[in-house]
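J.: Each chain is listed here by its residues.
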Amino acid sequence: MTIYDIIFYLFAAITVVSAFFVVTTRNIVYSAYYLLFTFFGVAGIYVLLGADFIAVVQLVVYVGGILILLLFGVMLTNRITNVQIKTGTIKIVPAAVGVALFAGILSAALLKTNWKTINTEVPISTAHTLGLLLMQQYAVVFELLGILLLIALIGAASMARK
Amino acid sequence: MTYDFFNKLFGSQIVAALIQSLLPLFFFILPFALFAVWFERKVSAHMQDRLGPMRVGWHGWLQSIADILKLIQKEDIIATENDKPLFNIAPLLVFVGSYAAFAAIPFSSAFIGSNLDLGVFFIVAVSGFVVAGILMAGWASNNKYSLLGAMRSAAQIISYEIPTILVIVTIVMVTGTLNLNTLSEMQTGHFWNWMIFGGPTFGIAKFLLIPFMILGFVIIYISTLAEVNRTPFDIPEAESELVSGYHTEYSGMKFAMFFLAEYANMFAVSAVVAALFFGGYQSPIGYLGNLIGIKWFIPIEQLLWFTAKGLFFVFVQMWLRWTLPRLRVDQLMAACWKYLIPLAFVNLIIIGLITLI
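If you read the protein sequences in the order shown, they are chains A and B.
For the first sequence, counting from 1, position 16 maps to 16 in my numbering; every step adds exactly one.
Heads up, my numbering is the position in the second sequence plus 162, with the first residue counted as 1.
Hint data in this document are derived by calculation from the structure and do not stem from the laboratory.
All residues carry an ideal CB built from backbone N, CA and C; glycine is no exception.
Misleading hints may appear alongside valid ones.
What the hints assert, rightly or not - DSSO-like mimics (lysine-lysine), calculated; alpha carbons at most 30 Å apart, straight line:
| # | chain 1 | residue 1 | chain 2 | residue 2 |
| --- | --- | --- | --- | --- |
| 1 | A | Lys162 | B | Lys246 |
| 2 | B | Lys204 | B | Lys236 |
| 3 | B | Lys236 | A | Lys162 |
| 4 | B | Lys232 | B | Lys246 |
| 5 | B | Lys306 | B | Lys232 |
| 6 | B | Lys204 | B | Lys246 |
Stated by the list, open to error - Chain B stretches covered by chain A per the calculated footprint, using a threshold of three residues with CB under 8 Å from any CB of chain A:
| # | region |
| --- | --- |
| 7 | 427-437 |
| 8 | 462-474 |
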């Protein structure tokens, strides 16, 4: 067991334990902060996989964006406008069916995939290659995604104006 | 480089990495924060025609040490209505966010916490922890002023991150690297090779770039000022409206943690601006070490230059704080969304066109 294995298990434990608390905690603000640790753990695992760009994007998008938005929403509604946010278990049967289906798909993907394992000494930075791929091979997809995001932005702005 | 040295000395990667990661804290941030608190008080005093602290030591230079001794002895107050776990974690989270940025800042060619290839991007990313910590502090305090302050702070930091990132993208477009160490090395030589003077490559493009680089610098300086919640953008802790915002309820060492994080953040953003536009650790006039032929002296000189540049921008932040009045919330948002972001976009496009020449 090398030092990298220990670090991997540390991050994996952070991710799994905090993810467990995200769903079991009754207090929604606590859930949101456990989610912070889940995102952090996932980012750490990306770093260990040599995907440095994805790891930083994970932090930017999830911690800096989605989590803050979530907290903002919860705090604004909960404390300031006195809207009660319910945290509890409702509709157990459909939820169980959905979760079981999703778990089945995930475990099938896990078992059926032909995982590639490559031994690398020092992971090389991925930003350069990623940029070239996005600008050359996947340029159309990249532009389409840009348009999709623009549409979402315009939609949000027009909804906010009403 | 220091990492290799410690690795050889102790023969263990873990010990070397630990020492490497603690070096900036004990040898830089703590002395800097103590100095900056005293300096801020002196700057404000002299701007208002006062003397400031004069009793402890020469011109009061030991005042912040006396203050920190006082803060250590103070009672750690946790009100019954506070959310205890979050209340205790929040100062740590804020400090972790601002200290993480120091991992990617090159202090000299011999010392950078971690020579990340995505340096600037990483610094932008970890600022998310600061926002989460501030929101946590505001919410856990269970106090409407704290919550309002935290909300304002989060809204402000997120909004002003956009112009910051746009200017960083501009620089990345010209230089083709996100690594702050490489970026600093590119601007070697004399001060006319700095990005603010159009970068190291000589040509027509260099001269065309200068006015737009200056505009970019002004935009990023204003927006980083807002990101560290300093006046004229200090509405999150506006004393006259919100007591002191999200750290109203904190006392003793936890308050000191917020203070330390604020000063660490001030230096971090100044250092990023210095590394992007003002050559990072590079000397503007050549090195004494080269002149007298002592190679090992160059990294020390670079550290001094870097500190000097960082301190200068911190001084400008203080200067602005004690000169300008505070912006209103709507003015603050208008300044960002209506002026800085469009300007930054136009600047990005123009610089992109110039680099095609």
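J.: Next step is simple, just say for each hint if it's right about the structure.
T.: Do the hints match the structure? See the list:
1. Between the alpha carbons of Lys162/A and Lys246/B the distance comes to roughly 40 Å, so the proposed pair goes past 30 Å and is violated.
2. This hinted pair checks out: Lys204/B and Lys236/B have alpha carbons roughly 25 Å apart, not beyond 30 Å.
3. Among the hinted pairs, Lys236/B with Lys162/A is inconsistent with the structure: their alpha-carbon atoms are about 51 Å apart, more than 30 Å.
4. Proposed proximity of Lys232/B and Lys246/B is supported: the alpha carbons are some 24 Å apart, at most 30 Å.
5. Annotation: proposed proximity of Lys306/B to Lys232/B holds, straight-line Cα distance about 28 Å (limit 30 Å).
6. Note on Lys204/B and Lys246/B: the hinted pairing is violated, with a Cα-Cα distance of about 36 Å set against a maximum of 30 Å.
7. Taking a C-beta to C-beta cut-off of 8 Å, the region 427-437 of chain B contributes 0 residues in contact with chain A, too few for the three needed, and the coverage statement is violated.
8. Counting residues of the region 462-474 of chain B whose C-beta lies closer than 8 Å to any C-beta of chain A gives 0; at least three are required, and the coverage claim is violated.
Hint compliance for this structure: hints 1, 3, 6, 7 and 8 are broken, all remaining hints hold.
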